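A.B. asks: Sequence:
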Amino acid sequence: MFAVLILCLFASAFALNVPQAEQFMNVTLSSRAGTYTNPLNQQKGADPCMRYLNGRYFLTSTQNTNIGIKSATTIEGLKSAPLQVLFSDSTAGRNFDFWAPEFWSAFLFLNGNWYIYYAVAGNRDDNTHRLHVLRGGTNPNDPTAGTYSYVSSLIPANFNQWAVDGSILQLNNQLYFIFSGLKTNTPWTQCTYIVRMSNPTTLSGNAVEISCPTNSWVGGAFVVMIEYLTQVFYGRKRPLHRFKKDLAKAITVNGVTHIVYSASHCSTDDYALGLLTLRSGADPMVASSWTKAPNPVFTKNPSAGVYGPGHHFMFQKGTNWYFAYHGKSAPGQGCGDLRTTRVQPFSISGNDPVFPAAVGIGVAIAEP
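FYI, in mature numbering (1 follows the signal peptide of the UniProt record, and there is no 0) the residues of the sequence shown are -15 to -1, 1 to 353.
Read the hints as simulated data drawn from the structure, not as lab findings. Only a predicted model underlies this, so the values are computations on that prediction, with no experimental measurement involved. Note that the Cβ used here is the ideal one computed from N, Cα and C, for glycine as well. Hints are not guaranteed to be accurate.
With a straight-line Cα cutoff of 27 Å, these simulated DSSO-like cross-link-like pairs (lysine-lysine) come out [unchecked claim]: (1) Lys302 to Lys64; (2) Lys29 to Lys277; (3) Lys64 to Lys168; (4) Lys29 to Lys64.
Beta-carbon label-pair distances, calculated as ranges [what the hints assert, rightly or not]: (5) Pro316 to Gly19: 41 to 47 Å; (6) Thr171 to Thr304: 32 to 38 Å; (7) Pro287 to Arg264: 33 to 39 Å; (8) Pro341 to Asn124: 32 to 38 Å; (9) Asn49 to Asn170: 43 to 49 Å; (10) Ala351 to Pro287: 36 to 42 Å; (11) Val339 to Asn184: 30 to 36 Å; (12) Asp111 to Thr59: 19 to 25 Å.
Whenever a hint applies, use it, and build me the whole structure from the sequences.
C.D. replies: Shown next as structure tokens:
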């Protein structure tokens, strides 16, 4: 949650020269100093949003009853870090199943505040899931500093229906909101939509459908998040439905903008990541501006004991790129709290992000 855009973090509004792809190696099968192992939690690790800021890692995931963030100086340290609850809500209409929070660094171009975008339902009714936004503190290095307050719902003029996995895209000084929304419910089909924003808490005009499930491996598309690889980073859960696109994240590499999205349903072992690419100079509000890769770019790895990997978030430390995602350690574990957060490095080839094979639990990976 949508051709799934994973936009979780804006690190900079300036385009970068993306460095030569780094070679990353998994070190051993046991944890040791200077390494971390997956998973980072034992439950409630779905839909992660993670970033590195001024010496600390910050991580949030779907907690269902509230929104919170963990922080630590190492990735391994996130395992024992306490969850700092930042927001909960008993208001009728937005008090049930808080999903896929994304915290956005807004200090560069979003009016000096942190914002959290999330989906929530009311009165124990999943059909009422809509997207909302919180406004928080002003410390650019710490999204947990300060108090978060509710601002508004984010409902496009033409789309007041089930919507999840909202994320931000900033392109050519224009903000866009990307989300996964219900197109039809017989069969249930989620597509990816985009709508302009006039500011970080206000949508402008109608939403436009830019991608729907078409490939057999998608089985349905489910929006996730968006993130940028040009140093502009934009980096969940639902009842069983068949055709979905989930969280999408956008990433821009050497001026080329991609959306990395989650496909298929989170309850399946075949949850995966797909790739959309924006044609150079094209309008992101036009569906034909986007081309879809024919095959998934990140999939399950049964030989390593990894099933249903998806709903990712991309972030950078130094010149190295990493992505957080959720996965399951056995087949048939569904779409609930058994999904755990995992982190792996990925690389850049030309103008494209290149994701590795999913690594199993307990494999030591060098700390960034």
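A.B. asks: For the pair supplied as a hint, Lys302 and Lys64, is the alpha-carbon distance within the 27 Å limit?
C.D. replies: Holds - the C-alpha atoms of Lys64 and Lys302 are around 19 Å apart, at most 27 Å.
A.B. asks: Using the C-beta atoms of Pro316 and Gly19, is the stated range 41 to 47 Å upheld?
C.D. replies: violated, 33 Å
A.B. asks: Lys29 and Lys64 were given as a pair; does the straight-line alpha-carbon distance stay at or below 27 Å?
C.D. replies: holds, 12 Å
A.B. asks: Using the Cβ atoms, figure out if Asn49 sits within 43 to 49 Å of Asn170.
C.D. replies: violated, 23 Å
A.B. asks: Given a hint of 36 to 42 Å, does the C-beta separation of Ala351 and Pro287 actually sit inside it?
C.D. replies: Distance hint for Ala351, Pro287 is violated at roughly 25 Å.
A.B. asks: 32 to 38 Å was suggested as the range; check whether the CB atoms of Pro341 and Asn124 agree with it.
C.D. replies: holds, 33 Å
A.B. asks: I want to verify a distance hint. Is the separation of the beta carbons of Pro287 and Arg264 within 33 to 39 Å?
C.D. replies: holds, 36 Å
A.B. asks: Given the hint that Lys29 pairs with Lys277, test it: the Cα-Cα distance must not exceed 27 Å.
C.D. replies: violated, 31 Å
A.B. asks: Please test the hint of 32 to 38 Å on the beta carbon pair from Thr171 and Thr304.
C.D. replies: Cβ of Thr171 to Cβ of Thr304: about 48 Å, so the range 32 to 38 Å is violated.
A.B. asks: Starting from Lys64, check that the Cα of Lys168 is at most 27 Å away, please.
C.D. replies: Not OK: Lys64 and Lys168 at ~38 Å, beyond 27 Å, violated.
A.B. asks: Range first: 30 to 36 Å. Now tell me if the beta carbons of Val339 and Asn184 are that far apart.
C.D. replies: holds, 35 Å
A.B. asks: Given the hint of 19 to 25 Å, check if Asp111 and Thr59 actually sit that far apart at their C-beta atoms.
C.D. replies: With Cβ atoms ~37 Å apart, the hint is violated.
Comparing the model with each numbered hint stated earlier shows that hints 2, 3, 5, 6, 9, 10 and 12 do not hold.
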